[in-house]
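S.K.: The listed protein sequences derive, respectively, from chains A and B. Following UniProt numbering, the numbering of the first sequence begins with 1 at its first residue and continues without gaps. Following UniProt numbering, the numbering of the second sequence begins with 1 at its first residue and continues without gaps.
Mixed in with the good hints there might be a few duds.
Covered stretches of chain B (chain A as the covering partner; in silico rule of three or more C-beta atoms under 8 Å from a C-beta of chain A) [to be verified]:
id : stretch
1  : 140-154
2  : 160-168
3  : 274-280
FYI, nobody ran anything at the bench for these hints, they're computed from the structure. Fair warning: this is a prediction, and the values are worked out from it, not measured in the lab. The C-beta atom is built at its ideal place from N, Cα and C for all residues, glycine as well.
Number of protein chains: 2
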Amino acid sequence: MANLPYGVFSIGAEPVRRVGIAVGEQVLDAGAVARAVRADFADLLGAGSLNPLLAAGPAVWRSVRAAVLGWLSGAVRAEAVRPHLVDRAAVRLHLPFEVADYVDFYSCEQHAVNAGRMFRPGAPPLPPNWRHVPIGYHGRAGTVVVSGTDVVRPAGQRREPGSAEPVFGPSARLDFEAEVGFVVGAPSPRGRPVRVADFADHVFGAFLVNDWSARDVQAWEYVPLGPFLGKSFATSVSPWVVPLAALSAARVAPPPRDPEPLPYLRDVPGDPWGLDLRLEVRLNGRVLSRPPFAAMYWTPAQQLAHLTVNGAALRTGDVFASGTVSGRERGEWGSLLELAWNGAEPVRLAGGGERAFLCDGDVVSISATAPGPDGAVIGFGEVTGRVLPAAG
Amino acid sequence: MANLPYGVFSIGAEPVRRVGIAVGEQVLDAGAVARAVRADFADLLGAGSLNPLLAAGPAVWRSVRAAVLGWLSGAVRAEAVRPHLVDRAAVRLHLPFEVADYVDFYSCEQHAVNAGRMFRPGAPPLPPNWRHVPIGYHGRAGTVVVSGTDVVRPAGQRREPGSAEPVFGPSARLDFEAEVGFVVGAPSPRGRPVRVADFADHVFGAFLVNDWSARDVQAWEYVPLGPFLGKSFATSVSPWVVPLAALSAARVAPPPRDPEPLPYLRDVPGDPWGLDLRLEVRLNGRVLSRPPFAAMYWTPAQQLAHLTVNGAALRTGDVFASGTVSGRERGEWGSLLELAWNGAEPVRLAGGGERAFLCDGDVVSISATAPGPDGAVIGFGEVTGRVLPAAG
């Protein structure tokens, strides 16, 4: 009851998609309840995606959440609610919103340091801009898929060590990246930057992201314009969007920054957007790592302020992801690239075997919890995906 | 009559947007004619964007074009057509389609060589992947704007030469990039690469792009993940989409490539997608350069094949742009960065004064022509935009 995340579901083989709210082991058909008892919410909750609700803005988000809490606590007739609770096992979950633009950040210091040590040994591990700029880039919105969608191993160009010429074929270095994503609800016009202080006026909620990465494709293509095909084949997201309103007990001070960020990136005193989410990555059911989100150098509020400081507009459905989450300890790193040190130190799996990169058939699942009010624990569900062999 | 480009317009202060076809100095209200004489096309042409037509695919594109040619050549009652021809001066032009994903390539060898010489003097000007990979990256779809939209000078972080720390403020190195864009009509599913041979089954047409760039912001931010805020404040597009069907006389063999591209990137013999478009860039009404599109190293067909070879899906409204178009001669270079050699050699303007980068109030216009059938010349109209001073 502390969480009440939003998603989109269908029942059995029905084509109709409905806005749902997860309540324990059930899903509330929110549009159906609204039609029965809150006609003014029927359009917001009666669509096949969260977009109308997202676009409505923070005052409406609060009203809807308060109403839903009321529905579940008996403030309306139980007959109006109970018939619209569906067992989770009976529903199929869909992409919860239409993705407008998708931006992926690179905001975890430990991850950036690990990447620097692997790819630029002997040089300073962080690029000179890293502690000034929340580094990010645009990804492909059209290949964001919901948890449970199979991921076909992509083909592409890669260059073998010691060779001058590339070869073409299935990626031999397929990886996951454990990240946290945020979705913009209320848009902002072109030319109007969104301040750190206004984060919660625009962002509706958070979810989990697996930013699948073909490391060999990425390594060959990314100079000078950044990752492209090494990322654009698929990005998986968890089906439940946890509203920021559910995360008040998870808000923590971000780590100290040195040097102090430029003024447009400064945290607002007393209004921290570090978030104490504890991620867990499982490979074929066995825990591989436990990345701590609280350690992120740049908060999502800083990321959004940076994204818009040049006047870029926000649209409903804009998504931005944190970048790979990695803690100090090896058991907290959020990609196989790091865990197996670019293939040099394959990870021994608890069930036997080892992995340098992902194999066909591997199933990667990322879940997370966060502190809720009064000692409760909020779950994020999970984002999961199975690797299928490259296409014919 | 050889061109018949498609756009979206409104009349006077009316809010309703209509699909239009440019015919000389007039615009045909295509939806209105369809409702009068071709009810089966009424939905395709009766929307406020080109998206329904784009999504319908190449067989329908051919049928609609044949019908429009008939309407204009008197094959239907003139009374059904004439009332729906509107003077261009009376219409306002809008973004012609809803942009799904936006990709920007870097496919002009001369431009890449110029950039390499400026930024990596003494090193080989092309990165080692350049002749193997059509380098590209995703841009911000939500800030694609139609020609005529003012562009506010963006603010951002930049680092002055010799300084270790960045400063924040309006970009001091605002630039244009003259490019050609392509819009995807027929989608393709995830996991199904689009071959070079299938380019015209998916791409509907071409238009002009000004990929505004804040060079100082870009230079500071782009390592290691590529351009982000240096580009995402605005990308301007011309309002008229020239269908590929109008460009048959403009198709030319692309330049020789060395080394031979990997098989998935090879041109189809007898089916060339080099395009002899002749661009013209004007600054405040005076010609600044004349970039030749025929010289592009990678064709749009190769770009699309590359973009999808990892299994990335295409959606209706996906846009990809060529990258800056620059010919061999200095008078053919497509950015001020190149023309003024990164500020070192300011361009003397025909009307007096000089420019290293764009000034507030500057108006940049890019137009293009192409050979049409029987010696005709096809016009692309133009993409224009005025630089406004930085906000606040």
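S.K.: Each hint needs a verdict: does it hold in this structure or not?
M.R.: Okay, the hints, checked on the actual structure:
A count of 7 residues in the stretch 140-154 of chain B with a Cβ less than 8 Å from any Cβ of chain A is obtained; the coverage claim is therefore met, three being the minimum. Against chain A, the stretch 160-168 of chain B contributes 4 residues with a C-beta closer than 8 Å to a partner C-beta. That satisfies the three-residue criterion, and the hint holds. Look at the stretch 274-280 of chain B against chain A: 0 of its residues bring a Cβ nearer than 8 Å to a Cβ of that chain, fewer than three, so the hint is violated.
Violation of the numbered hints given earlier is confined to hint 3; every other hint is satisfied by the structure.
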